[in-house]
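**Student:** Given next are the chains, with one letter for each unit.
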Amino acid sequence: MVASILPLTLTDATVRKGGKTIIGPMSETIGPSGFTIFMGPNGSGKTTLLRLMHGLEHPRGGSVTWQLPAAQARMKQAFVFQTPVMMRRTVVENIAYPLRVRGEAKNWAYAEAARWADIIGLGNALEQNAEVLSGGEKQKLAVARALIVQPEVLFLDEPTANLDGKATREIEGILLAAQADGVRILMATHHLGQARRLASDIIFLYQGQVHERAAAEEFFNTPRTPESKSFLSGDIVE
Amino acid sequence: MRYFSPLMGLIFSLAFSTASLADDIKVAVTTSFHNSGLSDILLPEIKKDLGLDVHLLVVGTGQALKLGRAGDVDAILVHSRNAEDTFVAEGYGTHRREIMYNDFVIIGPGSDPAGISTAEKANEALAKIADAEAIFVSRGDDSGTHRKETALWQTAGQNPEGFDVSWYREAGAGMGATLNTAVGMDAYVISDRASWLKFKNKGDSKILFSGDPVLFNQYAYLPISKEKHAHTKDELALQLEEWLVSKKAQDIIGSYTIGGETLFTPNANASGGT
Amino acid sequence: MRDLWQGMIEAFWLIASFNADLYEIVLRSLQVTVTAVIIASAIALPLGAALAVNRFRYRRATISLLNALMGLPPVVVGLFVYILLSRSGPFGVLGLLFTPTAMIIAQIIIITPLIASIAHQAIRDLWASYHDLLISMNTTKWQRMRTLIWDARRSLITASLAGFGRAIGEVGAIMIVGGNIDHLTRVLTTAIALETGKGDFSLALGLGFILIALAIAVNMAIHAISRTERASTW
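Keeping their order, the protein sequence lines are chains A, B and C. Residues 116 to 353 in our numbering are what the first sequence spells out, letter by letter. Residues 243 to 516 in our numbering are what the second sequence spells out, letter by letter. Residues 7 to 240 in our numbering are what the third sequence spells out, letter by letter.
If we strip away everything but chain A, and leave its shape as in the complex, we get (with noise of 0.2 Å):
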């Protein structure tokens, strides 16, 4: 394995927009291994600080320093949208692309990106155009063409929200085998269920801020904060 871009560090990170400081002044570190899932409620900035570590919103202040310089760092990071965008392609197309643009030969490419596709269950509709998809099959594909470039840090922001239960059980399925292949997770999700199956860690925002980062056990057994403890017990927070 080359180097690696981990551990992650947010140094008075800070991200402002109208105005409004969304995210910080921040300082965390993301260390090398495990699945961190982003919890806390709308509105407490969990879209806005994976987009921050990924690269896609810029700090106003204070720094996002990965191990590598930013554009070398992004090579081995991947992120999966809330909404999954589909390119105008086809399925094959779709989900080779990220490779194409590495400048992959072809022909190994789209046979990585048939053998995703089998993964996905989306083996028999490699020449459908992608934009046809059903919301679950679209998103599933948004995993696959994440995973196939094999990502050290693979970024999911709420990616099961608008999908039914069996398409939810299928992407996290295929998370979890990513993680055994040791891809860094981090998710950013509101549903406690979920949460509980899947993270190793957790880390509660609340107002742009960390307001309590755990063990997944410890923290949902014993949250330390009035706002985490309403926040596990269904009430709202604002």
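No wet-lab data here; the hints were simulated from the structure. Ideal placement from N, C-alpha and C gives every residue a C-beta, glycine not left out. Careful: at least some of the hints might be erroneous.
As the list claims (entries may be wrong) - In silico BS3-like cross-links for lysine-lysine, where the CA-CA straight-line distance does not exceed 30 Å:
1. Lys289/B with Lys470/B
2. Lys147/C with Lys132/A
3. Lys448/B with Lys468/B
4. Lys490/B with Lys475/B
5. Lys147/C with Lys221/A
6. Lys363/B with Lys444/B
To be verified - With the C-beta cut set under 7 Å, the calculated list includes, among others, these residues of chain C facing chain B:
7. Ile89
8. Arg93
9. Asp206
Chains B and C: place on chain A using the hints.
**Tutor:** Below, chains B and C alone, put in the same frame as chain A:
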């Protein structure tokens, strides 16, 4: 991007297929000459005798002179004596050679509201139109025909610049478009005879006055000077001139008729060049 | 009304009798306009993509300029090209005036802003949905433009066809730079202008009907090709 190379191939084949190989020259001619249909008879004969492709640019006399000055054609065939003399004097043309003449006619609605059909002279006919303020359409495009019309008004003691737009309308267009306008307005208009006879949208307009010698319209051929524009095909232009004044060409011109009417009188050998 | 019927009959006979002159000017119209559309698209589509993807200093001004150029009268373009290509002009030595090449150049200038402007709109919309994905995948600007052009190709074909429609029906500019020379630069539109000038309205209308039929045929052919090429994509 996979279609890139076939597309480029297509572009190149399209671009290069436009090249022409035979001997050819470009001659700017006036609309009146081209509308007569005489060129359709002459060009195949020229091709047969000289092996020369003559490409005609059909424009007004003003634009023909302009193209000649710019060196964009090899010769011009026009009918505006003063402008031609200036053109030669300024050195753009090597000389002018008279080829033939036709005549202008005054056309108007069949009802002839100004009563010009009884006029004896052209200036008298025009004066009647001005007195009656009957609608008149002028070319208004600085063409040979337009210049001729302006000169005729002056011989009638009139100045077109002072005419009221309520009856004197400048079309600013070629002969065909002007005739279309005049027929549409039941207006009087001056045209060369050939253009009118060939014109297919006559309505109930007709020739109301013709025959006055002042209406004769001399065509001259002017090769462009090689001293002004080195790329000019002067030898081919001279060959064409010799052919146009030959007995064969002059006979073709003299025997060309539309509906039984002779249009052109060849006079190359009567007058010669200057 | 009589002229209209005459025109239809005239168009029918011209086609049915395999009139050699007609086929010649139809082919020349296609040759000039198709070449112009291909070259203009090769300039305008990447330009539209670049305007959508890149944020550069004079981007707004460039877009405004493109929109303004769309309204440029073809006659002005014709005069401009004439002055450039005239023997007394800067490119006179090339001897391009009164050739199909001159007509192609004029048409390129007329339709490039139109195609670029429509392409920019289409690509901008697609870029809005692809933005995060392509940034996340660390694509280069060049890759983004290529991807957007390829994935927006349906809309871009429409943009090019709009250019084709404007070019094939254009008469003012190509009359000036082409000269409407028989067997050399005469195309459908200049022939129509010529016949109108001769007062032969039925022949002019007949040619007009053929021009419309040609434009429709080209549109249908392009749509048919682009649909069969990838039936599953859209």
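**Student:** For Lys448/B and Lys468/B, compute the direct alpha-carbon distance and say whether it is at most 30 Å.
**Tutor:** Violated: Lys448/B and Lys468/B sit about 45 Å apart, past 30 Å.
**Student:** Between Lys363/B and Lys444/B, does the CA-CA distance stay at or below 30 Å?
**Tutor:** 24 Å, holds
**Student:** Holds or violated: Ile89/C as interface residue toward chain B, Cβ cutoff 7 Å?
**Tutor:** 9 Å, violated
**Student:** Regarding the hint that Arg93/C lies at the interface with chain B, is the smallest CB-CB distance below 7 Å?
**Tutor:** Where the cut-off is 7 Å and the nearest Cβ of chain B is about 4 Å from Arg93/C, the hint holds.
**Student:** Mind checking the CB of Asp206/C against every CB in chain B and telling me if the closest is under 7 Å?
**Tutor:** Holds, about 5 Å.
**Student:** Lys490/B and Lys475/B were given as a pair; does the straight-line alpha-carbon distance stay at or below 30 Å?
**Tutor:** 24 Å, holds
**Student:** Sort out whether Lys221/A lies within 30 Å of Lys147/C, counting only the CA atoms.
**Tutor:** 21 Å, holds
**Student:** Check whether the Cα positions of Lys289/B and Lys470/B lie no farther apart than 30 Å.
**Tutor:** Given pair Lys289/B, Lys470/B holds - Cα atoms ~28 Å apart, limit 30 Å.
**Student:** Compare the distance between the alpha carbons of Lys147/C and Lys132/A with 30 Å, and conclude whether the hinted pair is satisfied.
**Tutor:** Holds, because 26 Å separates the two Cα atoms, which is no more than 30 Å.
In terms of the numbered hints stated before, the structure departs from hints 3 and 7, listed from lowest to highest.
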